[in-house]
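> The residues making up each chain are set out below.
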Amino acid sequence: MERREAQWGFLFISPWIIGLAVFYAFPIVASLLLTFFDASLTGAERNFTFIGLDNWIRFFNDPMAWKALGVTVRFTLLTLPVGIFVPLAVALVLNSKALVAPGLFRVLWFLPYVIPFVAGIIGWLGVIGQNGPLNTLIELFGVQDAPLWTNDPGLIYPALVLMGIWGIGSAIVVYLSGLGGVPTELYEAAMVDGAGWWASLRHITLPMITPVIFYNLILGVAGSLQYFLVPQVLNGGNGNPEGSTLFFNIYLFKSFFTYQDPSYGATLAWVLFLITLGLSLILFGTQKRWVYYAGGDR
Amino acid sequence: MKQRKWRLSAITAVMMLIAVACGGSSSSTEPTEVVQLRWFVGLGTGTDVETQVPVQQEVVDAWNAAHPNIQVTLEVVPNADAKNTLLTQNAAGNPPDVVGPAGVAGSNGFYGQWLDLAPLIGDANYDLSQFPAAAVEAFAVGGQGQLGLPFASFPSFMYFRPSLFEEAGLNLPPSTYGDQYEMPDGTMVDWSWDTVREVGMLLTVDSAGKDATEAGFNPKKIVQYGYAQPWNGAPEWASWFKPGQFLQSDGKTVAAPDGWVDAWQWYNDAAFKDYFMPNADVSAKEEWGQGNAFPTGKIAMGQSYTWYTCCLGDVLGEDWNIAPTPSNGGTISNDMNADTFRISAGSKHPKEAFEFMTYLLGEASAKLLVIYGGMPARAGDQDAFFATLDEKFPQGVNWDIAKASYANASSPSAEAYIPNYLKARDYIYSDFTPLLTKKAMNVSDYVTNTFLPALQAIADESE
Amino acid sequence: MSAAQELSAEAVVAERTESRRRISTRRRILVTLGVATLTFLFFAPLFNLAATSVKDPDQVYAAGAPLYPARPKQVEVDGKDRPVVRVPQADGTFMEMVLVKPGRQESVLADPADVSKTIVWQGSWRTLENAWEFSATLNNYGEVWKLLDYPRLLLNTIIIAVVGTIGTVVSCVLVAYGFARLKFPGRGKLFQVMVATIFIPGTVTLIPTYMLFLNLGWVNTWLPLLVPTFLANAFDVFLIRQYMMTIPREHDEAAQIEGAGPWQILRDVIIPQSWPVIIAVTVFHFVYSWNDYFGPLIYLSTKPELQTLGIGLSRFSDQYNARVGFPEAATIMTLAIPVVLFILFQRYFVRGVVVTGVDK
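Chains as they are written, first to last, in this note's numbering: chain A, 2 to 299; chain B, 90 to 552; chain C, 605 to 964.
If you are wondering where the hints come from, they were derived from the structure by calculation, not from laboratory data.
When the alpha-carbon atoms are kept at most 27 Å apart in a straight line, the in silico DSSO-like pairs for lysine-lysine are as follows:
1) B:K437 with C:K907
2) B:K456 with C:K907
3) C:K705 with C:K677
Just the calculated beta-carbon pair ranges, DEER-fashion:
4) B:F361 with A:Q145: 17 to 25 Å
5) B:K310 with C:E710: 19 to 27 Å
6) C:N824 with B:A155: 21 to 29 Å
7) C:W879 with A:Y188: 25 to 33 Å
8) C:N824 with B:E255: 51 to 59 Å
9) C:A940 with B:N497: 53 to 61 Å
10) C:L948 with A:P208: 36 to 44 Å
11) C:W879 with B:E122: 53 to 61 Å
12) C:A940 with A:I283: 39 to 47 Å
13) C:L742 with B:D472: 43 to 51 Å
Residues from chain A that face chain C, not an exhaustive set, calculated with beta carbons under 7 Å:
14) E6
15) P28
16) V94
17) S97
18) F106
19) V108
20) I116
21) F118
22) V119
23) I123
24) L230
25) A270
26) T277
27) L278
Model, not experiment: these values are computed from the prediction. Each residue gets a CB set at the ideal place from its N, CA and C atoms; glycine is no exception.
Turn these sequences into a full structure, and let the hints guide you.
This is how it looks when you write it as C-alpha cells:
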C-alpha cells in the first residue's frame, strides 16, 4: 500500500524531477565547475584551463564588483520596504468596509500588473520626464529647476521604484487573500474589548497575515538582489548616472557577455546565489519569532 | 545509492561543460545543396528601420534572386542588444557568417573571432589593387591576418547651422582648410578650437536674448548653444585636438596621451565655465534631443563624422553645412572611423560568405555606402557617392571638406586597442565620458587619481 | 460568564455596529474619494502616454510648449513657414504677429492676416512667446502599426502565453498534488529543494541552459519558452500545494474508502476545491508569460518573425526614441490587448481573489 502510494507520488512529481535535473542540477554544477576554470568560450581557440580559486580571489579584490554589490544593497533597502508595505497599505484600504465598489478598485489596482514592464517603464518615464506632469506640478510649487529624475544619482532609485510600481498587483492580491482569511469573529471579539481601528490592525490583522508578509519578504529579497531588467532596458546597463545603476546583476551580466569572461561571470553568479541563499536562511531562521501560523504546524 | 546518483550527475555535468566548451559542434548541418548564410547587422550603423534596413533587404533580395544556391538571411539587431546577441551566438557555436558594417571597436571587441581572409582572397584571385594599399593594411591586424577589406571611411569635420550664425551677425566658418576666420571686430584668426570657444559663446543665448559673453547672461535659461558634442566618447573628443592612444609601447601600461587632458578640460569648461555646450543634465532633456542635440536646430556647431548625416532629422531642413576640423596649436587632427564587413571564424561556409562579402563590397556598395554615410574606399567611386548625397541634401553641402579630411586623416585612431578591450572601452565610454560633462572638475586631477588607475587595473586583468 | 454579561456584550456589539453604520456614510465618501484619487495617480502614466501619443514631434523640442497636444502656429511667408509670436502691447494684452526676420537687436514682424504689412520691432525676439494651437494627430498610430508588424507580434505573444499557461497549470497541479497528499520517501527534503530553487539566480544556469537548447536545435524556435513550462515550476507548485494543504483530509479519505485511487481523488475531490488557486495561477502565469522579456530576448533574438510584443516594443522605442509620439503610440498598442483581455476575464479573477482564503 505504502509502496504503491510512493510510486504514485514519484509519478506525480516526475515532471518537476525532470525539470530539476535538466534546468537546475546540471546547469548549476556546470557553472560551478566553470568558476574554477579560465574559460574562453568564444573565438577561434577555445581555451580551458584549471585555475583553482583564482576567480574567487579575484572577486574579493575587484572594486567594481563590491561597488555593484553596494548599489544593489542600497537599492534593496529602498525598494524592499516599498514592495512590502505599499501593497499592504493598498490591500488594507481595498479591504475596507467603507469602500464603495471594492471589486472595481481591486480590478483596477491589479490591472497594471498585466501591462508589459517595458510599457510601464515608458509610461512612468513620461510622467517623471523633464516636461512631464510631475515636474510641471513641482514647478507649480515654485521650484525653479525641476529635477531630471533618471539623470540624478540622488533621484534615480525613487525613479526606478516608481517604474516598478505597476508590478505590485500580485502582492496586493496575495495580501487581499490573506486579509480575507482573517476570521471575522476575531474583529467582533476585539470590538467587544473596545479596540479601535489601529488596535485591531496592530493586534489582529497584522499578526494574522504575517505569513503573507513573510512570503512577500522572501520573494522581495530574492527579487531585489537579482534586479536587472529595468536598468537594462532603461540605459542598456551602462550604469549612469555616475555608476548608480551598475547593479550587481548588471555587472555579472556584462562580465558574462559584454566582457566575454564567462568563468568570472559564473563566479559572480555564484556569489549572488550564496548571498541570496544566506539571507533567505537567516530570514527563515527569524520566522519562528514573528510569523504566526494559524494552523500551528505548516 | 545516493552516492551513485551524485556521481552520475557529476559526470553529466562535466559532459555538459564539455558541450559548453565545444560549442554547438554536435549540431549537424542540413545536407541540402542550398547554402544558408546569415548577415548580421547591428555592431555599427545599419539598424535604422526607415532608411537603412529596407535598402539592406533589397540588396539581400537581389543577391538571393541571382544565387539560388547561396541564400542569405538579413539579421538586424538593435545596437543596444547587438554585442550581447553576437557574443551569445558565438559562445554557442552558432555565429553568423558575415558581420558588419562594424568599425575598429567592433573588431577589437571580438578579438580572435574573425576569419583571416588571406587564403580566400588568394583562392578567389580577388583584386586588392582597387583599394589604396594603406587602407588594406589597416585591416591586417597583427598576427591575426587580413580580417577585413576596405569598405567605408568616415572622415570628421565640423557640422554647423548657417542661419544661427546669420542671426548673430557672425561670419560663417571657413569653407576651405587653411583659411582664417574673421571675427566680428574684423580681426583674422585661425579656425582653431579657441576660436570655436569664442564664437560658440557668442552663439549661446539665454531666454532674454543675451549671449554668453554679455553681463547678466543667465546660464540656467539657455535656449541656444554654440556647440554640442553628439555621441562619441572621450577618446574621439580628444583625438580632434591631438591623435594618441592610451596603450604605451610596452603593451601593458596605459597613460593619458599628450594633450588629451587639456582637450577634456576644454569640454568640461565649455559645459560649466563658458556655458556654450550643454552639460549632461541639459543634454538628457527631451527638448535638447536626449544626447543628440544638433538636430534640434538650436545648436550652432558640432564636430562629428560623415556617418552623422544619418541622424540629422527633419527639423534642420536644408539649414546645415560642414566646415574644417578646428586646429589646435597650429595643427589639425582629423580622426577617422572605418567600417567594413567581416567573416566569423566559426562560419561553416567561409567560401560562400566571402563571395557574398565581395558582393557587398563591390556591386552593392554604391547603395549601401549612401545609407551608411560612408565614403567609398575606392577613390574612383567617391564622386558618385557625393553626387548621391547631394540628391539627399540638396542645399549644396561643402563636401570638399570631407574629401580633405579623408586625405589628411590622423593616426592612431581614437579606438586604438587596449588590453581587456571590451571592459576598458565600457569604462571609458559609459563611466568616464559622461562624467566630463556631468560636473565641473579639474580633469587633470581626476585622470591622474581615478581614471588612469582604474583603466590600468582593467588592462591588468587580462594578464 | 453570566447571562446578564452576555446580554450586555451583545448590546455593545449591536451599538458599535450601529455606530459604525452611522459614521460610514461620511467615511464611505472620504475613503472612496481617497482611493479614487490614488487610483487616478496610479494610472497617470496611461493618461500621459495617451496625450503624448497624439503629439507632434515639434512640440517636444520647443521650449514653453503646453502639456496638451498642440503645435506652434505658423504662417507662410515667401514660401517659408514662419512662427507666430505673442507681442506684448502697451495695454497689457498680446497681439499675435509673424516673426519674419529674427535679429539680435531688432526683428521684422508681420501681420498674420496680411504678411506684406511688416514692422520693425525693437528688442530681442527670444523674449516673445510662441503662439500655440491645439493639434492632435492619430498619424503616429497608423505609422507605428506599419513599422511594428503589430498583428504578428500579438499572435506570437498570445500563442506562447496560452500554451505556456496550459503547461504550467497541468504540470503544477500534478506536482503540487504529489507533494500535498502522497507520502513517498524524501518528500520533505525534495520539497525543501524545490523551494530553494526559487532563489537560484537565473544567471547561474543561463549559459549551460542555452547550450542545451542549442544542441537540441531549439534556439530560434519557441520550444525553449514552451517545453519547460510542462515540467512545472517551483513557485506555482508551492502556491498550489499550500492551498491543497488546507483542504480537509477527510474528503479524500472518504473517497479512498470508496476505492478511489490518487488519480480519481485529484480529479473528483482536490481539483473541484482548488479552483481559486488554479485560476490565480492561470492568471499569474499568463501575465508572466505575456511580460517575459529575457527568454524571448535570448532565444528569439535573430527571428523577428517569432518575437513577442515586449521585445518588439523595447526595440521599437529604442529605434524611434527621437520620434516623439511613436514609442508612446506603440506602448498604448502593446498594453491595450492585455488590458482588454484582463477586463473581459476579470470576473474569474476577482472571484479567485475573493474566494482564495489562502491560509498559509
